[in-house]
Amino acid sequence: MKILTLSLLLLVSFSKAQVIDNKRPMPAVDLKSLEGAVVNTSTFDNNDAPIVISFWATWCKPCVTELTNIAEVYEEWQKETGVKIIAISIDDARNQSKVAPFVNGKGWDYEVYLDPNADLKRAMNVNLVPHTFLLDKDNQIVWQHNSYAEGDEEHLFELIKKLVAGQEVSEK
Amino acid sequence: MKIKLLTAITATIILLNGCDKIEGPYGNAAGNNQNSGDTSETILRKILVEDFTGHTCGNCPRAAESLGQIENLYGDQIVAIAIHAGFFAEPTGAFFSEDYRTSVGNDLDQAFGNSAAGLPNGLINRKEYDGQSIIQHTDWASKTSEWINLPPDLVIRTVPQYNPATRELEISVNTTILQNIEESLNIVYYLTEDSIQSAQKDYSLAAQYEPNYYHRHVLRGSMNGAWGNVLGEGIGYTANQELNSNASFTIPSTWNASKIAVVTIVYKTGNKEVIQAEETKIQ
Amino acid sequence: MRTIFSLKSEVVLCFIFFLSISESFAQQQNAGELHGNFQLDAQYYNKDSLIGAPVVPEKVLTNGFMNLWYTRGAFSAGIRYESYLNVMQGFDPRYRGTGVPFRFASYQNEQLEATVGNFYEQFGGGLILRAYEERGLGYDNAFEGVRVRYQPVKGLYLKGLIARQRTFFSLSPGIVRGFDGEINFNELISSLADKKTAVIIGGSIVSRFQTDQDPIYNLPENVGAFEGRMNIIRGKFNLLAEYGYKYNDPNATNGFIYKEGQALSITSTYSTKGFGLLLAAKRLDNFDFRSDRTAAGIGANINFLPALTRQHTYNLPATIYPYATQPNGEMGFQAEMTYKIKKGSKLGGKYGTEVTVNFSGTNGIIKRSVDNDTLGYSSPFLKASKEMFFRDFHIEIHKKINANLKVNLMYLNWVYNKDVVQGLAGFGTIYANMGVLDISYKLAKRHTIRLETQALFTKQDMGSWAMALLEYTFSPSWFVAVLDQYNYGNSNETLRIHYVTGNTGYNYKGNRIMLQYGRQRAGIFCVGGVCRNVPASNGLSISILSSF
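Residue numbers (my numbering), protein chains in the order written: chain P, 1448 to 1619; chain H, 501 to 783; chain F, 269 to 816.
Hints should not be assumed to be uniformly reliable.
Said to hold, decoys possible - In silico lysine-lysine, BS3-like type, Cα no more than 30 Å apart, as pairs:
1) F:Lys710 x P:Lys1609
2) F:Lys668 x P:Lys1508
3) F:Lys686 x P:Lys1508
4) F:Lys667 x P:Lys1531
5) P:Lys1609 x P:Lys1526
6) F:Lys464 x P:Lys1531
7) F:Lys427 x P:Lys1479
8) F:Lys686 x P:Lys1531
9) P:Lys1531 x F:Lys668
10) F:Lys504 x P:Lys1479
11) P:Lys1526 x F:Lys541
12) F:Lys777 x P:Lys1508
13) F:Lys422 x P:Lys1479
14) F:Lys608 x H:Lys521
15) F:Lys504 x P:Lys1568
16) F:Lys667 x F:Lys635
17) P:Lys1508 x F:Lys427
18) F:Lys668 x P:Lys1608
19) F:Lys713 x P:Lys1608
20) F:Lys463 x F:Lys614
21) F:Lys327 x H:Lys772
22) F:Lys608 x F:Lys668
23) F:Lys610 x F:Lys668
24) F:Lys608 x P:Lys1479
25) F:Lys614 x P:Lys1508
26) P:Lys1584 x F:Lys777
27) P:Lys1531 x F:Lys463
In case anyone wonders, no lab produced these hints; they're calculated from the structure.
With the sequences and hints as input, model every part of the structure.
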């Protein structure tokens, strides 16, 4: 009898722990802005509009292609959905100083942060870049995608519109 | 806040003092070799140093120099073998047409992974230090000094009999155990040839190679395979136990018999760690 | 009375009951999360004596990794499992077997973060301390010990650590102690918050302890290094300067000399919308700093000294003659400009054109002999030697021609001192010109085809190469590509080989699987005096990656 109660309780307690969840908040990690200020990811907010977190690096061609392609339609996206794109560069000390002139040289309007010690990259289990995450209005991660092929940004925009319309996003 | 700042400052000061600035002398005087010049048969532990090398490996002469320094320091207590293996031992071009690779050397290289880890490097008594058996030549002196004053576990006496006419070599080996040993041991008889003259790449030279380099204690082969055979019964050994073994081999005509030595090695069958070695010239 | 693990069963029952209740409350706020990633690389090796591929007795070699990361509120913990059964060709064979070389537990609140176990850390630009993982190179010098990050007030960031470093599946002998402080004046002093100029200064001290068991030398057991940095940002300008000094550190790579080491790095950038400019210079003198003085090659590095050259992404410029930093003496500079010609203008075309120009060069330092040999040499701080290590000039133009067609055109001029960079002899300096043409065409809404052609023209070493790649992608999941590298200029006719590979891949959300079949070319890989031959290979390889 005792063993039964014990095992039942054990079962209950362990099933309560959320092991792998569909929705989760971003890990709280310190990043650096291009002006040298320290910014914590817990402050990322977009007033109930979706956020796109995109991991990239100056040496990653598909990342640059993805962000360049989105840059062309970013203004329209913002007008229609209010989405904010936060581009997080994993460039290390070799290329860190080059991020600001690179981003400006390309004319991108994104919020760009540096993750020099790869703290956020590790905390979000990113293997390779490009790796993109989509956050809903409650700043919960609802979708992720790795690599980039021409046209992927259209699919991303569909998902952003779904979120704005109040629909759930988790499956393809 | 104040306490934390104070702690930080204290930590800084402590760390600042965590630097040793050495003004000199930079070298140790005579080292700690208490046994040099001793001609009586004092039984000592001998350390096996295996130098993995190749004739087109331009950094390898540095390892040979390190080995030379250790031999000067510890004399007879060092038993050295140079194993030519891997990419940098391949014969190539007009100057490096010799092939000092052997199937024994290749087996050892495959087992310990030396040439794949980048040459030069070596093994000291084939022991794992912090999980690593491959040791850089700049560390050979430190690793060897760990063994120098340890008492020997056994003593090997190899008596060679070489017939120059037939080029037949026979050895009879007596192994006398000095301390009780619980593990199984293997015994193997390697053959090395000293001072083979041929070209060696050396990046420190203007010409980038030395055409008349003396390759020292080159592993030429084995009388009983790469790993030898079990010593005695292999179920443990007691002090004062004596084991006798023998082997025979025909020395090829391309080898210079006056420079050939038999290197007898006794090692633990399980973890391959060498516990005693002996070098005996055949002539 | 039954006991479980020597605790009375009633006590255990109450404890579990309490746990489950607290879990239900926790659910409303922040229940524990478990996430991770997984990577498996495996290759099947065919025999191919034409390209010199070695025989692999195991036939299949694999590298496998899994990271698991658990977070619950302020607490997080994780492990990484690695398996090398056996390790793939080209990686250090001392990666052998399986194990859990990385595990940690960490607590974080607003001001303090404490981590025990394994961790990665960087002080400033990594000039005297940086631990990181680069799985593609087989590089992982993670620390194992204790680390504390403390932020007493906003604008003041302190870090301290005491640890040993990972080497393969064990630890390096040296103990590393480090302390770093950084002050951001604009955040610290509220009256400066709105100033146009931002000033950040920082400094760190690192010391390594390793016992001296060497019978020949009298070695310093504590080797210390310090570093100071300053970053000034004003509007469009940014200036970053970092200086490092290392006390006597006789080690395997500098030949056991007792000379001090110095490093200086200065980077200035100017950036505005549509234009970016970078000017950088650096000097390194005896700055190899490891947690094992006898280590060589890729092993036990405490600091990080990246090359001051542009990191290229196309195959031929990036992989045939890549520059590697010479920590024991080099001086280099780089100038890079990125410019976007406006849309609508004559040169810019309908969408605008991006132009990038870069010029970088590195030489050795002057080493003058000194009376006392063990001090090594003396070197004038502001002078470089005439020995050229590397030169790279490149110009790149990227243009979108119409809605479906994009073109990238690049020219490079390359000078590469193969002897110095790879630690070899007899190869001399390679003078090469390279060209890249990359055309991307959108066939239909989600179908894109890309053609990339590259050429490398040189008279030295293996001669000229030509490369062509054809890639077809179907958004968002599929890609198929065929690649051919042809060494047409090799002076030895039998070595004019085509290295053909085909790859395909599929990705879905956080997962990706890639297959590759064909021939890969060989190379000699040398790092700091130890050379390793990376063999050519022919076979099928598979890569599976997943983030969950």
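Evaluation of the provided hints:
| no. | hint | result |
| --- | --- | --- |
| 1 | F:Lys710 x P:Lys1609 | holds, 26 Å |
| 2 | F:Lys668 x P:Lys1508 | holds, 15 Å |
| 3 | F:Lys686 x P:Lys1508 | holds, 27 Å |
| 4 | F:Lys667 x P:Lys1531 | holds, 26 Å |
| 5 | P:Lys1609 x P:Lys1526 | holds, 15 Å |
| 6 | F:Lys464 x P:Lys1531 | holds, 26 Å |
| 7 | F:Lys427 x P:Lys1479 | holds, 16 Å |
| 8 | F:Lys686 x P:Lys1531 | violated, 47 Å |
| 9 | P:Lys1531 x F:Lys668 | holds, 25 Å |
| 10 | F:Lys504 x P:Lys1479 | holds, 17 Å |
| 11 | P:Lys1526 x F:Lys541 | holds, 21 Å |
| 12 | F:Lys777 x P:Lys1508 | holds, 20 Å |
| 13 | F:Lys422 x P:Lys1479 | holds, 14 Å |
| 14 | F:Lys608 x H:Lys521 | violated, 53 Å |
| 15 | F:Lys504 x P:Lys1568 | holds, 28 Å |
| 16 | F:Lys667 x F:Lys635 | violated, 47 Å |
| 17 | P:Lys1508 x F:Lys427 | violated, 34 Å |
| 18 | F:Lys668 x P:Lys1608 | holds, 27 Å |
| 19 | F:Lys713 x P:Lys1608 | holds, 19 Å |
| 20 | F:Lys463 x F:Lys614 | violated, 40 Å |
| 21 | F:Lys327 x H:Lys772 | holds, 26 Å |
| 22 | F:Lys608 x F:Lys668 | holds, 12 Å |
| 23 | F:Lys610 x F:Lys668 | holds, 12 Å |
| 24 | F:Lys608 x P:Lys1479 | holds, 26 Å |
| 25 | F:Lys614 x P:Lys1508 | holds, 27 Å |
| 26 | P:Lys1584 x F:Lys777 | holds, 20 Å |
| 27 | P:Lys1531 x F:Lys463 | holds, 27 Å |
Checked against the numbered hints given earlier, the structure breaks hints 8, 14, 16, 17 and 20 and satisfies all the rest.
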